[in-house]
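Asks: Can you build the whole structure from these sequences, using the hints too?
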Amino acid sequence: MTVNMTKGQAISLEKSDGGTLTAVRMGLGWQAAPRRGLFGSRTREVDLDASAVLFADKQPVDVVFFRHLVSDDGSVKHTGDNLVGGAGSGGDDEAILVDLQRVPVHIDQIVFTVNSFTGQTFQEVQNAFCRIVDETNGQELARYTLDGGGQYTAQIMAKVHRAGNGWKMTALGNPANGRTFQDLMPSILPHL
Amino acid sequence: MTAELVRGQNHTLPQTRLEIRVSAGTPVVAGATLGDEQGTVRGIEWIAHPGSPQLPGLEVSQQAAADHRLAVDLEALPTGAHRVTVLLALPVGAGGPVRFGAVPAPFVAVTGLDGTEIASFTLTDLDAESAVSALELYRRQDAWKVRAVGQGYAGGLAAMLADQGVTEPAALAGTIQEAVTRGLARSVAPPPPRTPEGDRVRHATGSADHRPTAPPPSPAQAPEPPEPLTDPAATGPAHTAQPHTAPGPAAAGPAAAGPAAAGTSAGGPINYAHPRRQHAAPPSPPPTAPPAQPGQPAQPVAGDATGWSMDERLYNQIWGMFEDLARAVAAYRSAVDFAESRMDQELDRALSDPRNRIGGAGDRAREAARAKRDELTSRAREALDRDLAQLAAEAAVVEPALPAAYAGWGNPVWHAHRIPMEIPMALRIGDLHLPERTDLRIPLLVRLPLERGIWVDSGRAASEAAALMDTDRLRRLAMETAVAHAARLLAVYPPGEFAVHVIDPAGSAAGPLAPLVEAGVLAGPPAAGPGGVASVLAHLTRRVDLVQMAVRARAADSLPPDLDTGEQLLVVNDFPHGFDDRAVTQLRYLADEGPAVGVHLLMVADREEASAYGPILDPLWRSLLRITPVADSHLADPWVGHAWTYEPLTVPPGSRVLEQVLAAVAEARRAAGR
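In order, the protein sequences belong to chains A and B.
Positions 13 to 204 (the working numbering) are the ones given, in order, by the first sequence.
Positions 14 to 687 (the working numbering) are the ones given, in order, by the second sequence.
Just so you know, these hints were derived from the structure itself, not from any lab.
A portion of the hints provided could be inaccurate.
[What the hints assert, rightly or not] Computed list of lysine-lysine pairs in DSSO-like fashion (alpha-carbon distance at most 30 angstroms, straight line): (1) A/70 with A/180; (2) A/180 with B/158; (3) B/385 with A/180; (4) A/70 with B/158.
[Said to hold, decoys possible] Residues from chain A that keep clear of chain B, each with C-beta distances beyond 12 angstroms, as calculated: (5) 43; (6) 68; (7) 83; (8) 132; (9) 135; (10) 136; (11) 138; (12) 151; (13) 157; (14) 163; (15) 175; (16) 187; (17) 194.
Because the structure is a prediction, the values reported are computed rather than measured.
We put the CB at the ideal spot given by N, CA and C, even for glycine.
Replies: Below you can see the structure in the form of structure tokens.
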């Protein structure tokens, strides 16, 4: 597994000019693995889902995923469920946008996860990646290549958490198993 | 590890603060009863149901939903409670399924607060049952356990409650279903999806979710330059940039500004700029948005949203403000709730810590917990105040810029109102506000043509404010509200394209109806007596039938020439007075079939008075948007479901605006030769 960030590495989301980061995006992109042989053009559908769980003092308060696309306070938004992945363009097929300035004051951590809803492990998915982008300038802060990632169906990717007046991001890159974020809760808790 | 239980199996619960998740794939009612050591329900105060959702240590949802989350704190239950039974029932009279055999097997899970499943149970093999007791949490030697029950009752809620030893089970079952019905009637429809992106959203495979799909990010939050403040009729260059062939509710181009442009007495284009903010947004030529002060949010401008016309931009902007206010308040309430619950926990801990019993350590711990709560609450309030100030500033520029259809009666635009040649996108039927800031009003806009009828509730039981009024005054006020709505509809439709019929069986509303009658804008005199009721209903029923037939046969040309193809509004006062069974059936037919072919209801009624008809009228009430003649918090927003206070539009005291507008309607009709 290619990890462009070391596990547990923390980045302060402060820009070089002293301003703090105000918006981040978690992007997720993948392609379904094509079948071989007769009817080889038919691909098996792979549905990966990105989710973000909002915590206040280690208690989950809200979650943004394909059945709840906007957090109640409106600060975290999912751009919509993609059931089949991309055509190979390498862009984000699902994205979660976080407006850090609007995150309610009691929310102190936001954890991003990726799940395989259709149950394929990351070994069977092509060109799958997830990344965290500074939405203000498009700079990639962390990137994980998921495919060939072993017999896992989920990954706890990263968390952004409050530090002082701003936010920090910590890359977690922790493989796990589960169909939706609910299955991951036990694995998320140790990272808080 | 999740224990998947089968009927009758039990499992020990590791903790006492739990959540019970229900997913049923179809809306169900969830409730819970408490039992003592013998399993007896001690009384009605030991039952949590939608009509009375809270018990100590237990809370259920007030509405029927496909997914439920019941919060349970077993430690906090009333003393003597040794058993919690979780009940599910299908809502009655909603036109939905009536037996569990017809719906997917409900799934119930007991989880910890962190979402870890402790035990789950799928209620299979149900058939004719319409109520089922799903799970039982019970105490055995100071430990709590869960048992999968899955006992169904074909006799419904009443039979189930009777089995639990509740006295008067049928009455309670009625109360519960009534509360659910009320819950269904009080939701505001979400705004229509604004982009085809909405189609990408998965429509709940497996367990249906009742949350609406989210609209795309509103421009108020996206960092994009505010829309320049221009008047749409005068800026050719700006409009040539837009594809004129684009589909949209309003045609692109200067004509789209119809209702707005027609609004000034000089006949010239209307200036959307705030009178006191002229300097901030010069009207022409293509102005740039006022530069934001460093560190300050940008100055809001009216029409700062997407859309093909100013009408549509303002409509989208208002929905954007509605959503932003709902969410800003949700953030605040969630933070305050969290601060309170954290303080409670810390206080509990301080109390139970034996070291705190000596000296001032306990007091210090308590003080620290309170200080933490205050600090978080005040920061949340700060964030809320910042958001509210921004929204209030936006409302201050948007409100004066609104076209008549979106404006309140106090807006000067109504004084210069001329009857438009095109139907506007939407009509304002009231204001909404939240207790956090009552002077920040969001216009409640409904799309035109109307998608559902309106019910002005004249019942005194409808709200606290209504209960303070005497019946006659409230009825008069309700009828006045209805007349004002009818007048607004008449005034925003092109001449002759909207007809208003009135049924006033006892002639009791002559006073409030006078403006409509005197201006001569009604399709006929208010119908009185059973004969009048029957003839108006027969007329409208015939119209619905004929138009439906013509639509099905695709033969719109063959409609009889005397048929009025414009929209029809039927105002009904004093329902069900003067209605026989046949008339009630026709009214229900109009409510069901009318909206699709342009026949709408505006009912002024007290539901209590029609209670003799029993549940057969429930679908009628549910199909109507309920509003009140006095302020009342009964409407829920589509995003987070706050209870918003609805405030009816009122004509400023001493103003003749209603009469003037109706005179303009009559004049325009004469001019158009209709």
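Asks: Each hint should be assessed against the structure and marked as holding or not.
Replies: Status of the hints after comparison with the structure:
Only pairs whose Cα atoms come within 30 angstroms are accepted, and residue 70 of chain A paired with residue 180 of chain A is accepted, the gap being roughly 16 angstroms. About 42 angstroms separates the Cα atoms of residue 180 of chain A and residue 158 of chain B, which puts this hinted pair outside 30 angstroms; it is violated. With a C-alpha separation of about 23 angstroms, the suggested pair residue 385 of chain B and residue 180 of chain A falls inside the 30 angstroms cut-off, and the hint holds. Of the pairs offered as hints, the one joining residue 70 of chain A and residue 158 of chain B holds, with about 26 angstroms between alpha carbons and a cut-off of 30 angstroms not exceeded.
No beta-carbon of chain B is positioned within 12 angstroms of the beta-carbon of residue 43 of chain A; the least distance is around 17 angstroms. A Cβ of chain B approaches the Cβ of residue 68 of chain A within 12 angstroms, the least distance being about 5 angstroms, so the stated non-interface status is violated. The Cβ of residue 83 of chain A sits about 8 angstroms from the closest Cβ of chain B, inside the 12 angstroms cut-off, so the non-interface label is violated. The beta carbon of residue 132 of chain A sits about 17 angstroms from the closest Cβ of chain B, which is more than 12 angstroms, so the claim that it is off the interface holds.
The beta carbon of residue 135 of chain A is kept farther than 12 angstroms from every beta carbon of chain B, the shortest such distance being approximately 24 angstroms. The Cβ of residue 136 of chain A sits about 20 angstroms from the closest Cβ of chain B, beyond the 12 angstroms cut-off, so the non-interface label holds. Residue placement check: residue 138 of chain A keeps its beta carbon more than 12 angstroms from all beta carbons of chain B (closest about 21 angstroms). Annotated as non-interface, residue 151 of chain A keeps its C-beta farther than 12 angstroms from every C-beta of chain B; the closest such distance is 16 angstroms.
Distance to chain B confirms residue 157 of chain A as a non-interface residue, since its nearest Cβ pair spans about 25 angstroms, more than 12 angstroms. At the 12 angstroms boundary, the C-beta of residue 163 of chain A stays outside the reach of chain B, the nearest C-beta of that chain being 20 angstroms off. With 12 angstroms as the threshold on Cβ separation, the claim that residue 175 of chain A sits away from chain B holds: the shortest Cβ distance comes to roughly 16 angstroms. The beta carbon of residue 187 of chain A is kept farther than 12 angstroms from every beta carbon of chain B, the shortest such distance being approximately 19 angstroms.
Listed as outside the interface, residue 194 of chain A is inconsistent with that label: its C-beta sits roughly 5 angstroms from the nearest C-beta of chain B, within the 12 angstroms cut-off.
Going through the hint list in order, the structure does not satisfy hints 2, 6, 7 and 17.
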